[in-house]
Amino acid sequence: MNRKIFLFGYGKHGRAIAKGLMGKGFRLSIIESDKKNHKASKADGFTDTILFDVTDDDNLEALVVAPEDELICVMDDEHLNVFLALSLRPLFPECYILAISGSIYTSQKLLMAGANKVIDLYEVSANRIHNLLKRPVSTRFLDKILSDNNGFSFREIEVPEGSFLNGVMVEDVNFYVCRVLLIGLVDLGQGEHFRFITSGDEYTLDSGDQIVCLGMDKDLDNFEAMIKKSEETICVWPS
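Every number in the working numbering is 264 more than the matching position in the sequence shown, counting from 1.
Hints were generated in silico from the structure; no laboratory data involved.
Some hints could be false.
Cut-off 20 Å, straight-line C-alpha distance, at most; resulting in silico cross-link-like pairs (PhoX-like, lysine-lysine) [stated by the list, open to error]:
1) K299 / K276
2) K303 / K276
3) K283 / K306
4) K482 / K492
5) K283 / K303
6) K493 / K482
7) K299 / K283
8) K268 / K306
9) K288 / K299
10) K276 / K300
11) K288 / K493
12) K299 / K268
13) K288 / K300
Cβ pair distances, simulated, as ranges [what the hints assert, rightly or not]:
14) R353 / D470: 25 to 31 Å
15) G366 / K283: 20 to 26 Å
16) T319 / Y467: 31 to 37 Å
17) A307 / L385: 23 to 29 Å
18) G472 / F316: 34 to 40 Å
19) N380 / R291: 31 to 37 Å
20) D322 / K283: 25 to 31 Å
21) G287 / L385: 28 to 34 Å
22) G426 / D321: 40 to 46 Å
Every residue, glycine too, gets a C-beta built ideally from N, C-alpha and C.
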């Protein structure tokens, strides 16, 4: 893959994210301002790791970042994540910026600062607790699948322009034959609202929709390549 991930922060959250990205084969550059975290990144086997003051715009401007690269702000200090989003947006206007937040207030500031996507850790934790209470068996089953490092993973896949999925109802797609499981989708028409897909869902897919699937990495790769076609009879139930 050509794009590169610039990960700002190798602390409490950054360390786990970095290892996950490396395991998926992403090109990764780690930026830290803390000497201890920087040393830890090297000890963990990362070679492209940089130590500098992230509040210095000259340091940020010196980074060699391409328009297709992605910037992830996961510094332990949330104020630094806000500062980074505010500084990185004008420096790299075409790049996708993702950040983590521990509160609604910080999430709002990050979005205003220029982040494309903010993951609210409290919201994620609340949703996980809700799932454990309401769907304990399925939640633990998914945890087991994903924690065993056996090739299964979630993937957000965009329905491309001209895909055979355009205008097709979710229930008419035979995901089983494609060897992937549809979990839900991000409906751009509803302001990037995530919705879980249940049996009998009558949602009609459109180009630009982000569908979230679970499967083996190779099957997800094949499915992602397949939906770029304009015609496909294998994955769609006959009318």
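Here is how each hint holds up against the structure:
1. K299 / K276: holds, 14 Å
2. K303 / K276: holds, 14 Å
3. K283 / K306: Holds, at roughly 12 Å.
4. K482 / K492: At roughly 16 Å apart (the allowed maximum being 20 Å), K492 and K482 satisfy the hint.
5. K283 / K303: With Cα atoms ~15 Å apart, K283 and K303 stay inside 20 Å; holds.
6. K493 / K482: Holds, because 18 Å separates the two Cα atoms, which is no more than 20 Å.
7. K299 / K283: Roughly 19 Å between the alpha carbons, so the hint for K299 and K283 holds.
8. K268 / K306: holds, 18 Å
9. K288 / K299: Since the Cα atoms of K288 and K299 sit roughly 26 Å apart, the hinted pair is violated (cutoff 20 Å).
10. K276 / K300: holds, 12 Å
11. K288 / K493: Status violated; Cα separation ~25 Å.
12. K299 / K268: violated, 23 Å
13. K288 / K300: With a Cα-Cα distance of about 25 Å, the restraint between K288 and K300 is violated, given a limit of 20 Å.
14. R353 / D470: 25 to 31 Å: Cβ of R353 to Cβ of D470: about 28 Å, so the range 25 to 31 Å holds.
15. G366 / K283: 20 to 26 Å: holds, 21 Å
16. T319 / Y467: 31 to 37 Å: Roughly 45 Å apart at Cβ, these two residues miss the hinted range, so it is violated.
17. A307 / L385: 23 to 29 Å: holds, 26 Å
18. G472 / F316: 34 to 40 Å: Roughly 37 Å apart at Cβ, these two residues keep to the hinted range, so it holds.
19. N380 / R291: 31 to 37 Å: violated, 19 Å
20. D322 / K283: 25 to 31 Å: holds, 30 Å
21. G287 / L385: 28 to 34 Å: violated, 21 Å
22. G426 / D321: 40 to 46 Å: holds, 41 Å
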